[in-house]
Amino acid sequence: MAENHVSTTNACKMCTPMGASLAFRGVKGSMPFIHGSQGCATYMRRYIISHFREPADIASSSLGEKHAVFGGAPNLKKGILNVTEKYNPEMIGIASTCLTETIGDDLKMITTEFLSEFADLDLPHLVTVSTPSYSGTHLNGWKLAVRSMIEKFAGSSPALTADNTINIFPNFLSPADIRLLSGIFREYGLKTMILPNISDTLDSPSWREYINIPEGGTSVNEIALAHRSKASIEFGYFHKGESAGSYLEENFSVKNYNLLPPVGMRATDALLSAIEKITGLERPQRFVNERGRLIDSLVDGHKYINFKKALVYGDEDFVVSMVSFLCETGVKPVIAASGGKADLRKRIEAICKGFCPCPLVLEDSDFDTIEIAAADIKPDLMIGNSKGFKISKKLGIPLIRAGFPIHDRFGGQRIITTGYEGALSLLDLIVNTAITTLQEETRVGYGYM
Amino acid sequence: MTLGILKDRKDQVVERINGNETVSCSKESLAGAVSQRACVFCGSRVVLYPIADALHLIHGPIGCAAYTWDIRGALSSGPELHRLSFSTDLRERDIIFGGEKKLEAALDELITRHNPKAAFVYSTCIVGIIGDDLGAVCRKMTELKKIPVIPVQSEGFKGSKREGYFAACKAMFTLVGTKEPENISPVSVNILGDFNLAGEIWIIRDYLKKMGVEVVANITGDGRVDDIRRCHGAALNLVQCSGATLDLAKMMKEKFNIPFLRVSYLGIEDMAESLYIVADHFSHIDKDIEEKTRQLVKTELEQIMPEIRKIREELNGKKAAIYVGGAFKAFSLVKAFRRIGMSVVLVGSQTGTDEDYRELAKITDPGTVIVDDSNPRELSDFIVEKGVDVFVGGVKERPIAYKLGVAFCDHNHERKIALEGFTGMLNFAKEIHNSVTSPVWKFHPARLSRVEEKSSEVCCG
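Chains A and B supply the protein sequences, listed in that same order. Start counting the first sequence at 1; every next residue gets the next number (our numbering). Start counting the second sequence at 450; every next residue gets the next number (our numbering).
There may be inaccurate statements among the hints.
[Unchecked claim] Calculated pairs, SDA-like style, for lysine to any residue (alpha carbon to alpha carbon, straight line, at most 20 Å): (1) B/LYS456 with A/PRO74; (2) A/LYS77 with B/LEU455; (3) A/LYS308 with A/LYS353; (4) B/LYS891 with A/SER204; (5) A/LYS394 with B/TRP518; (6) A/LYS394 with B/SER526; (7) A/LYS66 with B/GLU477; (8) A/LYS78 with B/LYS456; (9) A/LYS78 with B/ASP457; (10) B/LYS865 with A/PHE410; (11) A/LYS78 with B/GLU477; (12) B/LYS619 with B/SER526; (13) B/LYS456 with A/LEU121; (14) A/LYS394 with B/LEU533; (15) A/LYS77 with A/SER135; (16) B/LYS768 with A/GLU209; (17) A/LYS108 with A/ARG179; (18) A/LYS77 with B/GLU477; (19) A/LYS78 with B/GLY608; (20) A/LYS78 with B/LYS459.
Note that these hints are calculated values from the structure, not bench results. Remember, it's a predicted structure, so these values are computed and weren't measured experimentally.
Chain A on its own, in the form it takes in the complex:
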């Protein structure tokens, strides 16, 4: 087993402002802005572009040495003006960094000051979030950014009558998954407020001419009405102060449903049940059929994958939801690892109950530790992002790519994992991976099954 290392080797996480920048990308006309040195924004853009294959402009206050000494406020203000002039955004989402948090820049204060200084200008909405990279991971940054947008906008429009809209806080899923989820609600005939909605902004069609800010995303006006929605559904684990759904429940009595990301049968069932509980609607036949097809396929595929051992790694919500799905297929998760922290052991234990023994859970972990565990436990397959490829290659374990980032394959933005459809698509990958191994390792051929 892995010893307790002081240092981190090959991180299985990204930094907090990265998550915030991605979340800000899911708002209509929004420009993410990193208050820090230029490198942060550039590195994140580079990282995001490789996964989504989309432009990912992130502005920066480009702090230099004198700003680090005297404070970054002047550059932040100048930066906001320049972004406003050039991009004409409806909103600028400003995330702090380790540098600006440590020199003591107070984003809320600086932006308030800015707005009063330039009160005569037509300025975009400014949302700020505190995301020092020494605290938490990209997933925390994502959730904090969403929460900050809700705190800022929800309730700012007068609550007329209660609306039938459902708020969805999907957390970090692929653009294709967001499209899929929004399709589920559409099937019920429901209106949604998805925050953030990266389905178009990070997976957009080709342009006819230059587009300042990618089209799509949820508008500030829609966010401003979130407090009168019928309910909120949020996916994933939230530390104290991170949940936008809880905020709406506490302040506006919008009932919040906290669910596992809907990966696999049980989690999708739970989502549909929640929708039906909120609305009293009946289950559309489409989902009955989809669920039936999933069961049918689980049966068709089970003999290839039952008792196969899997290593699952990635962000904490990805890991828990993927473990939940694998349990249902007969694949035994043997290692569940994340660079984040989210009370993983307890939650994974609960999810595996009645299906399989609880896997080795590695929290606040890195790929070095994961590799040591994998060499010891010898899983049959790995499920996670691109960064596990080195382990996959070294130990000869096939890797099924899902999550973020997918840097070494094409189409990471289009991978679906949610709903019965996503489960089916994952199941196909898993079964086919097992069959590929059989074809490679035996003389039988598996040419006609």
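Following the hints, complete the assembly by docking chain B onto the known chain A.
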């Protein structure tokens, strides 16, 4: 030509008229301008990272290490320690109480675990602020672990990538001269400023070998600590790339009196010229070297020219845009494009100097736009305005090109195909040809709208 240019950036964008233009440069990036530049840390990290048997420990919160984990795939013929990403992964308590103890413990465990020949410890933004004494920790660990543990003063906010290059050179320079330079030929060089992307330094080493030139140290592609320690025994330094390692060459000239030549291995003209000046440098020792070099160039050209001529026929008259990190590479690219019948209508760099831009103005065609420290908005505007067919840049520029229906060639440090040397020129031509000639552009709305505009010009004009 004023679309989307912020007024504070106006003098960083110039249209070439008579070749005497200057471009304002070497300025801090403008806040909010979405610069394509990175930071000081990035500069140091890219220069040192290919040293394959050294430990590269990033002292800071996780982001800086996560985003630079094996990003460039610099190849090594032996150890591959450089392809791992080590971080002290600082947390809140370290920020409050200081990170020195954690750094010490991290170095201790990592050096024990990996047994490197040296360790580079990179400072990040936060380290500069919380005031960790990197130098003191490194001195202590050097003594304790009996290998050079070298601080790299690369706090992100203390300038641009160029300052990072300088910090890297200073760090490497502490190694130079610490090992006896025995058994080194008088006809010998160090290769500076090549990072062995896709095995490029091996191409160059092969040419030099055929010329009878010994290579003492690769700095830094496929680099080794011990080679760098004795590289002051080389007779000459060959410096490629805009300044990444130029400072090291200058330091070595001053302390060890080793002359240096600036070279470029990109494109036929510059590649050949680079070999010829090396031959010329050593011709007083080796009488045959010039002839050997001529033969080498001739043979290499015979191998690539037939195919390049074919490609040229298909690309003739097409227009290219170039946006790269250092301007020196842009010089070679302008010539390389001419070689395949194309003209460059936009050229720029993240960190070019005044001298670089004067040179660019000299060698480009009238009407070419020259930009310093540009951004997606400006680049997009020029691509459309100039009717560019292919964009040469890095991954950050790729989606700009693709969204606007423009072919693309990755010429950044993340490239996967060798573009140096004579074979590299052929690869480059193939890359351009491969992207430009794809049928996908026929469907692209931005390209269709170009065709519409053209036909409306014809009918109305």
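Structure-based check of each hint:
Restraint check: the Cα-Cα separation between B/LYS456 and A/PRO74 comes to about 18 Å, which is no more than 20 Å; the hinted pair holds. As the CA atoms of A/LYS77 and B/LEU455 are separated by approximately 15 Å, the hinted pair is consistent with the 20 Å bound. About 18 Å separates the Cα atoms of A/LYS308 and A/LYS353, which keeps this hinted pair within 20 Å; it holds. Taking the CA atoms of B/LYS891 and A/SER204, the gap is about 19 Å. The hint holds against a cut of 20 Å.
For the given pair, A/LYS394 sits about 17 Å from B/TRP518 by alpha-carbon distance, which is consistent with the 20 Å threshold. Taken as a hint, the A/LYS394 and B/SER526 pair is honoured in the structure, with Cα atoms around 18 Å apart against an allowance of 20 Å. Distance hint between A/LYS66 and B/GLU477 is fulfilled; the C-alpha atoms sit about 11 Å from each other, no more than 20 Å. Our distance criterion of 20 Å between C-alpha atoms is met by A/LYS78 and B/LYS456, whose separation comes to about 12 Å.
For the suggested pair A/LYS78 and B/ASP457, the alpha carbons sit about 11 Å apart, so the restraint of at most 20 Å is met. At most 20 Å may separate the alpha-carbon atoms for a hinted pair to count; B/LYS865 and A/PHE410 meet this at roughly 16 Å. For the suggested pair A/LYS78 and B/GLU477, the alpha carbons sit about 13 Å apart, so the restraint of at most 20 Å is met. Distance check on the hinted pair: B/LYS619 and B/SER526 sit about 26 Å apart at the alpha-carbon level, beyond 20 Å; violated.
Restraint check: the Cα-Cα separation between B/LYS456 and A/LEU121 comes to about 18 Å, which is no more than 20 Å; the hinted pair holds. For a cut-off of 20 Å, the pair hint linking A/LYS394 to B/LEU533 stands: about 14 Å separates their Cα positions. Proposed proximity of A/LYS77 and A/SER135 is contradicted: the alpha carbons are some 25 Å apart, above 20 Å. Between the alpha carbons of B/LYS768 and A/GLU209 the distance comes to roughly 18 Å, so the proposed pair stays at or under 20 Å and holds.
Under the criterion of a C-alpha separation no larger than 20 Å, the hint pairing A/LYS108 with A/ARG179 is inconsistent with the structure, at around 33 Å. A hinted pair counts as satisfied when its Cα atoms are at most 20 Å apart, and A/LYS77 with B/GLU477 qualifies at roughly 16 Å. Proximity of A/LYS78 to B/GLY608 is assessed by CA-CA distance (about 18 Å); at most 20 Å being required, the pair is judged to hold. Simply put, A/LYS78 and B/LYS459 have alpha-carbon atoms about 16 Å apart, close enough for the 20 Å limit, and the pair holds.
Taken one by one, the earlier hints fail for this structure at numbers 12, 15 and 17, listed in ascending order.
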